[in-house]
Amino acid sequence: MNTALHERAPLAIVARGIAKAYRSSQPGGSLSVLEGVDFTLRAGEFVSIVGPSGCGKTTLLRILAGLVAPGQGSLEVLGKVADGPGPERAMVFQSFALLPWLDALDNVAFGLELRNIPREERSAIAADYLKLVGLSGFEHAYPRQLSGGMQQRIGLARALAVDPAILLMDEPLGAVDALTRSWLQLDLLRIWDETRKSVVFVTHDVGEAVLLSDRVVVMGTRPGRILEERVIDLPRPRSDATRESARFNELSMQIWRSLKEMVIERPSVGAERRSREARAGARAS
Amino acid sequence: MNAIVPARGLRAEFTGFARLFAFVRGREWIVLAVALALGWELAGRAGHWLFLPPLSAIVRALVKMFADGTLPAVLAGSALTLAAGVAISVSCGLLIGAAMAQWRIIDEALRPFIDAMMSAPIIALIPVFIALFGVEYGTRLATVVVFSIFPVILNTYEGLRVVDPTLVDMGRSFGARGADLYRHIRLPAALPLIRAGFHLCMLRGVRGLVNGEVLISVVGIGGVLQTYGAAFAMPQLWAVIFTIVAFAFALLGIERLLVRLFMKGGGASMREEAA
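Chains X and Y supply the protein sequences, listed in that same order.
So the numbering used here is basically just the index in the first sequence, starting at one, shifted up by 850.
So the numbering used here is basically just the index in the second sequence, starting at one, shifted up by 137.
Bear in mind the hints are in silico, worked out from the structure with no lab data behind them.
It cannot be assumed that every hint is accurate.
Far from chain X by the CB rule (all over 12 angstroms, computed), these chain Y residues [said to hold, decoys possible]:
| id | residue |
| --- | --- |
| 1 | Arg248 |
| 2 | Pro302 |
| 3 | Phe386 |
Reference excerpt, derived from the structure (chain Y facing chain X, CB under 8 angstroms, subset only) [what the hints assert, rightly or not]:
| id | residue |
| --- | --- |
| 4 | Asp205 |
| 5 | Asp306 |
| 6 | His321 |
Ideal Cβ positions, reconstructed from N, Cα and C, are used throughout, including at glycine.
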């Protein structure tokens, strides 16, 4: 049902043959982070990318965001070739990336300020989005005064405030505690229902991916590549109760099995380190 | 209510002490200053040492020198030199530090020279300045700049280098580039360290100013210091030294005011970095 709808929806992102390698620490060596990745996102679709550490899922998202140039391959966003960040995409970061010298309202209004929207107008818009993420009354709190979960709500509101067609989320719940995480997942469901953005959501939590997504993309390591895609045919609107349904568990187990094989098959001690190196390289470039 | 009611006079005395304590709390240096002043006065009166006149004699000299216009005139001249020197240091230091943070080639080209200048005895360079700028205004200005520019350069450089790369990514993801990234992210994130650099710049500028005036051309506040020192006019000499310290404190007050006016926000508390 969802799927049929999405199949007719226009393409939001088309990435073809994406490859990325970084120079490695060994002389003359290079480390392939991604190889031959094809990825599409349809308008209004929520797609999660799951995979073990070092599979390049964050690098892929950064390429989709235009923060990193792919070594090979092409990227089209809303039908146009993209070679950098664009106003039709907004990103949510794992470490929140809030500006500590701005209060919640100004942080949410940050993207609007860059677009030269007058102060009064952008404050009004920001206040609306703070309300959407459930932070009314915290307009003038500073990030350091707020919990991790609240900070990420601000990060989400900031991305939504510029009204992008596409939301790119890089392990947005990776830095909050497990209980807050479950709450925020339900909030994400609600907010997505209200806004209907096209979303690419990177996570390593299988249950989270299944609960939120229309489609889950499973990535593998060495080199980072897409192993399989699974359509999540759970009916919407979803809720906390969805986690108890048989289909939810079945889908979660299927995805977990493909991931587990990979993790057991390649007990990659070095993978963590390599992915860290890759990220450091990505920043340096 | 209370079983023991203190007498009226005693209570008044208590509240007097309480007020004094409340005033001193957080300003403990006042206690130390008063103790020092008393000790100085007593030592000066008891000892009859040439180098340690009683504090009261120094204060009399200070008042006289202000009244007859000696100190105000030299202070004005020195303040002008300092202001010009610090302005040059702040503007050039910011640009050089930012350029070093931005372009590796500039960093590598300038770094040895900056390290050399930081460790070189600047006083020893004064003959070079005299050869370059003459014995007048130019050399005094150069001394102030050479003393005060390096904290600005190094703190600007460090401040910009330690900006969280995720914040820069965030800015880029919202379409910020070049100047926008600087205005909205890099500079505000670097502000605490840059501010500490300004602070050091101002203090070292005062030192540079006095050094230059004492050693090169006997003018300004350093000039009178030299004159009185040579004449062993100790009360006057101490009066000038106190004036210089007070001058530096006044400058810090002005600096704090400027910071409050023009550099709101920008990270948490100020981190001092001895550059």
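Taking the hints in turn, this is what the structure says about them:
1. Arg248: 20 angstroms, holds
2. Pro302: The claim breaks: Pro302(Y) does not keep its Cβ more than 12 angstroms from every Cβ of chain X (closest is about 5 angstroms).
3. Phe386: 28 angstroms, holds
4. Asp205: Violated: closest Cβ of chain X sits about 50 angstroms from Asp205(Y), beyond 8 angstroms.
5. Asp306: 6 angstroms, holds
6. His321: 7 angstroms, holds
This entry does not satisfy hints 2 and 4, going by the numbered hints stated previously.
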